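Residues in the sequence shown are numbered consecutively from 4, following our numbering.
None of these hints come from the bench; they were simulated from the model.
Keep in mind it's a predicted model, so treat the numbers as computed, not measured.
In this text, a Cβ means the ideal position worked out from N, Cα and C, and glycines have one as well.
Errors might be hidden in some of the hints.
[What the hints assert, rightly or not] Cross-link-like lysine-lysine pairs, in silico, DSSO-like; alpha carbons within 27 Å at most: (1) Lys102 x Lys142; (2) Lys489 x Lys502; (3) Lys270 x Lys317; (4) Lys360 x Lys350; (5) Lys270 x Lys316; (6) Lys102 x Lys69; (7) Lys317 x Lys276; (8) Lys316 x Lys350; (9) Lys451 x Lys502; (10) Lys451 x Lys489; (11) Lys449 x Lys489; (12) Lys57 x Lys69; (13) Lys334 x Lys317; (14) Lys502 x Lys449; (15) Lys42 x Lys57.
[Claimed, not checked] Derived DEER-like restraints, expressed as beta-carbon distance ranges: (16) Asp420 x Ala507: 27 to 33 Å; (17) Leu353 x Arg61: 39 to 45 Å; (18) Gln450 x Ser147: 53 to 59 Å; (19) Leu353 x Arg393: 21 to 27 Å; (20) Tyr299 x Gln523: 58 to 64 Å; (21) Glu139 x Lys451: 52 to 58 Å; (22) Thr454 x Lys276: 31 to 37 Å.
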Amino acid sequence: MEKAVTSTEKSRQKSRILGSHRSPCTQNQIQIDDSSETKPLDRLRTLVDTCIDKLEYRSAFFYADKLVTLSRQNSADVFVLAKTCFLNTEYHRTLHIIKRFELMNASIQCSSLQLDSAILYARCMLAIQQFEECLEVLKTTFPSISLNEVQTQMQSDSTQVPIGSTSLSVLATLIGRAWRSLGNRRNAIVYYHFALQNDAGSYEAFRALFHDEMLNSGEQAQLLAEIDFSKVDSIQRQSNQILYWNYTHKESSDLAILQDNNELVYKWKQAQKAYDQYDMNTAYRLCTSLQADDPYNLEIVPLFVAILMHFGKKRDLFQYSHEMVDIYPEKAASWYIVACYYFLIGKHDLAQRHFHKTITMDSDFAIAWVAFGHSFASQDESDQAMSCYRTARNILFGACMPLLSIGIEFSRINQLDQALQSLLDASNIRGNDPLLLNELGVVYYKQKNYTLAVELLQGALQACSNTASKQTFSVTLFNLASAYRKLRQYQEAEIYYGKAIALAPDAASYASLGLTYHVQGALDRAIECYHSALAYNSQDLLALNMIALAMEEAIHVTSPSLDDSLSSIEPDPLATLSIECDVTP
Numbered sequence: 004m005e006k007a008v009t010s011t012e013k014s015r016q017k018s019r020i021l022g023s024h025r026s027p028c029t030q031n032q033i034q035i036d037d038s039s040e041t042k043p044l045d046r047l048r049t050l051v052d053t054c055i056d057k058l059e060y061r062s063a064f065f066y067a068d069k070l071v072t073l074s075r076q077n078s079a080d081v082f083v084l085a086k087t088c089f090l091n092t093e094y095h096r097t098l099h100i101i102k103r104f105e106l107m108n109a110s111i112q113c114s115s116l117q118l119d120s121a122i123l124y125a126r127c128m129l130a131i132q133q134f135e136e137c138l139e140v141l142k143t144t145f146p147s148i149s150l151n152e153v154q155t156q157m158q159s160d161s162t163q164v165p166i167g168s169t170s171l172s173v174l175a176t177l178i179g180r181a182w183r184s185l186g187n188r189r190n191a192i193v194y195y196h197f198a199l200q201n202d203a204g205s206y207e208a209f210r211a212l213f214h215d216e217m218l219n220s221g222e223q224a225q226l227l228a229e230i231d232f233s234k235v236d237s238i239q240r241q242s243n244q245i246l247y248w249n250y251t252h253k254e255s256s257d258l259a260i261l262q263d264n265n266e267l268v269y270k271w272k273q274a275q276k277a278y279d280q281y282d283m284n285t286a287y288r289l290c291t292s293l294q295a296d297d298p299y300n301l302e303i304v305p306l307f308v309a310i311l312m313h314f315g316k317k318r319d320l321f322q323y324s325h326e327m328v329d330i331y332p333e334k335a336a337s338w339y340i341v342a343c344y345y346f347l348i349g350k351h352d353l354a355q356r357h358f359h360k361t362i363t364m365d366s367d368f369a370i371a372w373v374a375f376g377h378s379f380a381s382q383d384e385s386d387q388a389m390s391c392y393r394t395a396r397n398i399l400f401g402a403c404m405p406l407l408s409i410g411i412e413f414s415r416i417n418q419l420d421q422a423l424q425s426l427l428d429a430s431n432i433r434g435n436d437p438l439l440l441n442e443l444g445v446v447y448y449k450q451k452n453y454t455l456a457v458e459l460l461q462g463a464l465q466a467c468s469n470t471a472s473k474q475t476f477s478v479t480l481f482n483l484a485s486a487y488r489k490l491r492q493y494q495e496a497e498i499y500y501g502k503a504i505a506l507a508p509d510a511a512s513y514a515s516l517g518l519t520y521h522v523q524g525a526l527d528r529a530i531e532c533y534h535s536a537l538a539y540n541s542q543d544l545l546a547l548n549m550i551a552l553a554m555e556e557a558i559h560v561t562s563p564s565l566d567d568s569l570s571s572i573e574p575d576p577l578a579t580l581s582i583e584c585d586v587t588p
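Please model the complete structure; the sequences and the hints are all you need to start from.
In structure tokens, the structure reads:
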């Protein structure tokens, strides 16, 4: 009997994903049973708990069914039966049991059991995607958690935590998920906020608001200030401080310990920070280490894939996609990797097909929507790209990337006013992002506001870390040189074209440097640059036309004026060399 007690205690300490195995009211209800029946029933309850602990869910259901019969349909035992059905993924059957035995009925003496039953009901409804019916039933059963009541409670000054606040927090989180699935971001935020107010340790609610970027930076700061960690124990509080640091970027002595024990959360955040600063080598090193330590972690997929795509590691991405699809064929993230591989090798039809499969499996996979939009933009299908970006914007309301992608696409099709507005909105979220500053500079360049373009492009260079990728630096340097050339500040233009060529020589940089020499009358140096450009790309339009013009001038052949020639043949370099929007988490 001692072993049975130990097993029962262990089962009560399981993860609260479904609540504890036994409702707190079980003991009171058992005490009224006949003493001759209590011991066999207790042994049967222990057997059910043991089966659940050992993940033998079908066995657990079998014994739970017998338990319900022998206990004369004791409500707590019926709840365990419903839970074993859920663990066997029989969601409709679980709902039938809850409704048949009226486990959410207010007449049940144990309010905790009623609340746990509501949580189980909500999980089933979310699993079968019956979101509206779920909200309607819960609102009817629990008027105190209707939207108006929740908003009233949150606005009150009362600091009293209600009984069963942890279970109430779980239920509020599930309601938030239902609202979010229906596309109602505002109501979802209300319930996630309410969940954190009742339980500061609610990771799922915290993740939805912060990691999934449903709030902007100001709203995040305000919510963090309102979270009261004093009601959680010290160990949980230290764990929550990791989340705190992730979103406030404040170092502390407690968090410094994480650097020594290879804490995965710390590594992931450092990798994300390096990626945001375009320090791709550091980001790649950290992500590779993360992937080696935890190779099947789906959390790191978007970041790791983005870095592999940045470096053009086709073989690594191919192997990663096959491995993840073999292991997780039912996960959207696996097919996202496949789609990104096809996008990287230029097979856009296959990429779009797999991006579509990804978002069909998980419509809230915002990064997949962004990447889907990139695949359309690369094929000049602007309307479809915009639709994808706007969907991502609705999911990641507090994120910079969807707005940035919208701005880049507007700029690409020369709708400059809309592009500027989207990019300025993005700057309110992350104003020091080098890519964002570069794209703002591109838009102002196209609007012929070259002075402001220079200012923003200089800011983009300053925002990049010294270890940022050569590609990032070279494109921004090229854009800055072009803006200086338009201002007729030719010496500065020569300097920055030279820096761009030193980092990543290509036809466009050599041709533009040649043009800079050409307009100053340095024909020999211009012709030399045009030749270098044609060596990289024999079909470069600017170099082909300008080298002929330069040679005519060099041998004193009458030719059209240089300005007239430029107006007809000079492409807009920033329109074609603007930094492409990476697939970022």
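Range hint compliance [Cβ, Thr454 to Lys276, 31 to 37 Å]: With a Cβ separation near 32 Å, Thr454 and Lys276 satisfy 31 to 37 Å, so the hint holds.
Range hint 53 to 59 Å (beta carbons of Gln450 and Ser147) holds or violated: The hinted range 53 to 59 Å holds for Gln450 and Ser147, with Cβ atoms some 55 Å apart.
Distance restraint between Lys489 and Lys502, which requires alpha-carbon spacing of 27 Å or less: Roughly 18 Å separates the two Cα atoms, so the pair holds.
Hint consistency between Lys42 and Lys57 [alpha-carbon to alpha-carbon, up to 27 Å]: holds, 22 Å
Given pair status - Lys317, Lys270, alpha carbons within 27 Å: Holds: Lys270 and Lys317 sit about 24 Å apart, inside 27 Å.
Pairwise beta carbon distance, Glu139 to Lys451, judged against the given window 52 to 58 Å: holds, 57 Å
Hinted pair Lys451 and Lys489, Cα distance within 27 Å: OK: Lys451 and Lys489 at ~9 Å, within 27 Å.
Proposed proximity, Lys350 with Lys316 (alpha carbon, max 27 Å): Roughly 16 Å between the alpha carbons, so the hint for Lys316 and Lys350 holds.
Holds or violated: Lys449 to Lys489, with C-alpha atoms at most 27 Å apart: At roughly 11 Å apart (the allowed maximum being 27 Å), Lys489 and Lys449 satisfy the hint.
Gln523 and Tyr299 - C-beta distance against the hinted 58 to 64 Å: holds, 59 Å
Hinted pair Lys102 and Lys69, Cα distance within 27 Å: holds, 19 Å
Pair hint Lys317 and Lys276, alpha-carbon separation not exceeding 27 Å: holds, 24 Å
When the structure is compared with the earlier hints, no violation turns up for any of them.
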